[in-house]
Each structure stands twice: as C-alpha cells, then as structure tokens.
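Here the sequence shown stands for residues 7 to 194, numbered as in the numbering used here.
The set of hints was computed from the structure by calculation and includes no laboratory data. It is possible that part of the hints are untrue.
Label pairs and their in silico Cβ distance ranges [stated by the list, open to error]:
(1) Glu-64 x Asn-178: 49 to 55 angstroms
(2) Lys-102 x Arg-180: 40 to 46 angstroms
(3) Gln-101 x Arg-73: 47 to 53 angstroms
Pairs of lysine-lysine residues, derived as DSS-like cross-links and limited to a Cα-Cα distance of at most 25 angstroms, are as follows [to be verified]:
(4) Lys-112 x Lys-55
(5) Lys-102 x Lys-186
(6) Lys-171 x Lys-78
(7) Lys-76 x Lys-159
(8) Lys-174 x Lys-186
(9) Lys-172 x Lys-186
(10) Lys-171 x Lys-76
(11) Lys-24 x Lys-38
(12) Lys-174 x Lys-80
(13) Lys-99 x Lys-79
(14) Lys-60 x Lys-102
(15) Lys-55 x Lys-79
(16) Lys-102 x Lys-172
(17) Lys-38 x Lys-78
(18) Lys-161 x Lys-112
(19) Lys-24 x Lys-102
(20) Lys-159 x Lys-112
(21) Lys-80 x Lys-24
(22) Lys-112 x Lys-24
(23) Lys-34 x Lys-131
(24) Lys-60 x Lys-99
(25) Lys-172 x Lys-80
(26) Lys-76 x Lys-38
All C-beta atoms in this analysis are idealised placements derived from N, C-alpha and C, irrespective of residue type, glycine included.
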Amino acid sequence: MAYNDKEEENLALRRTNKITEEENIILKEDNKQLINQIRSLEDRMDNLKVQLKKEIIEEIYEEFEEREIKEKKKNNLIIFNIEETEYPSRQEKIQKELDTCIQVFKEIQSEVKDEDIVETFRIGKYRREEGNEEGQEEGQAQIKRKPRPILVKLKDERTKWEIIKKAKTIRNSRNDTFRKVWIVQYQI
C-alpha cells in the first residue's frame, strides 16, 4: 500500500506539474496577448495625442486668423449711395473716390484727412452701362444703376467711431447729393 500511495502521490504530482505547465503556457500566451494589446493601446494613444495636438494647433491657428481678420476690419466703414462715375485711369478713379469720401466726412463735420484713410474701393461686381450724358466731361460715363458701396479703411478705430457718431447728421445736409448717402460700420 505504501508503494501504491507513493505511486499515486507521484502520479498526482506529475499530473499537477503537467497541469501547472499547461497553465503556465496558457498564462504566458495570455500575457503575450495582453502585452500586445497594451502596446497597441499605447500606440493608439500616441496617435490620438499627435492627432489631438494637430487639431488643437489648427484650431488655434484658425482662431488667430479670425482675430487677425477682425483686427484688420475693425477700422472699416461702408458708404452707400455715392454716385459711381467711370474714369479713364484707375489712379484717377481711386483719387476721385478718396476725394469724395473726404467731402462726405467734411459734410458731417468730421476732421478726417487724406492721411487718416488707408484705402477706399467699391464693393461688388462692376457692371458697365455706358451712356454719355449732357454736361459730362469726355471720357466719363455716368453709371445708370444703383452705385456700389465704398469700403473705407481708416488708420484707427477712433476715427471710425467719430465718423459713425456724426454720420446721421448727413441726412440734414443742404446738398441733395449727400442727403441720400449713409455711412455704417463694417460688420465683423
């Protein structure tokens, strides 16, 4: 019996060892799979971090661009209903529109000078409708449609607000041409 007990004990020990070895093999495989899954998750996290950083940088850049555009536009005005006349040269047209804007500003008692204005230009698509009317100089053709608005870029915001505050007084102008003109701030 002692022999059988010993043999059974050895047999039980071998079975236990075999089960333990099989469990170890299974555990090693499970560990390898877990390690691979962890590495995969770490790689995905790294990729997500890189992607998130890119998205954050893009978002910051877009916000910066928006602010820059708003900063550029904050000093702008739009003048409506100024007669649009065609001139032979671009330079002559630019100068005439600048002079007209200065006249409008003088009409509302604003102290704006040429150097306070960065740029003026018409907004919208230009459509030419010719027809030389009596009393016009040669080379000038009166445009027979609603005039395009003039965008006025000013050097500083203070000047813009001075003009905006006084703009409503233009309705009381003695000059019929100026009564129909209106000035608004450029909406950002």
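Each hint tested on the structure:
| no. | hint | result |
| --- | --- | --- |
| 1 | Glu-64 x Asn-178: 49 to 55 angstroms | holds (51 angstroms) |
| 2 | Lys-102 x Arg-180: 40 to 46 angstroms | violated (22 angstroms) |
| 3 | Gln-101 x Arg-73: 47 to 53 angstroms | violated (33 angstroms) |
| 4 | Lys-112 x Lys-55 | violated (59 angstroms) |
| 5 | Lys-102 x Lys-186 | holds (19 angstroms) |
| 6 | Lys-171 x Lys-78 | holds (21 angstroms) |
| 7 | Lys-76 x Lys-159 | holds (13 angstroms) |
| 8 | Lys-174 x Lys-186 | holds (11 angstroms) |
| 9 | Lys-172 x Lys-186 | holds (15 angstroms) |
| 10 | Lys-171 x Lys-76 | holds (21 angstroms) |
| 11 | Lys-24 x Lys-38 | holds (21 angstroms) |
| 12 | Lys-174 x Lys-80 | holds (20 angstroms) |
| 13 | Lys-99 x Lys-79 | holds (23 angstroms) |
| 14 | Lys-60 x Lys-102 | violated (48 angstroms) |
| 15 | Lys-55 x Lys-79 | violated (36 angstroms) |
| 16 | Lys-102 x Lys-172 | holds (23 angstroms) |
| 17 | Lys-38 x Lys-78 | violated (59 angstroms) |
| 18 | Lys-161 x Lys-112 | holds (17 angstroms) |
| 19 | Lys-24 x Lys-102 | violated (102 angstroms) |
| 20 | Lys-159 x Lys-112 | holds (17 angstroms) |
| 21 | Lys-80 x Lys-24 | violated (82 angstroms) |
| 22 | Lys-112 x Lys-24 | violated (104 angstroms) |
| 23 | Lys-34 x Lys-131 | violated (74 angstroms) |
| 24 | Lys-60 x Lys-99 | violated (46 angstroms) |
| 25 | Lys-172 x Lys-80 | holds (18 angstroms) |
| 26 | Lys-76 x Lys-38 | violated (56 angstroms) |
Violated hints, in rising order: 2, 3, 4, 14, 15, 17, 19, 21, 22, 23, 24, 26; the structure is consistent with all others.
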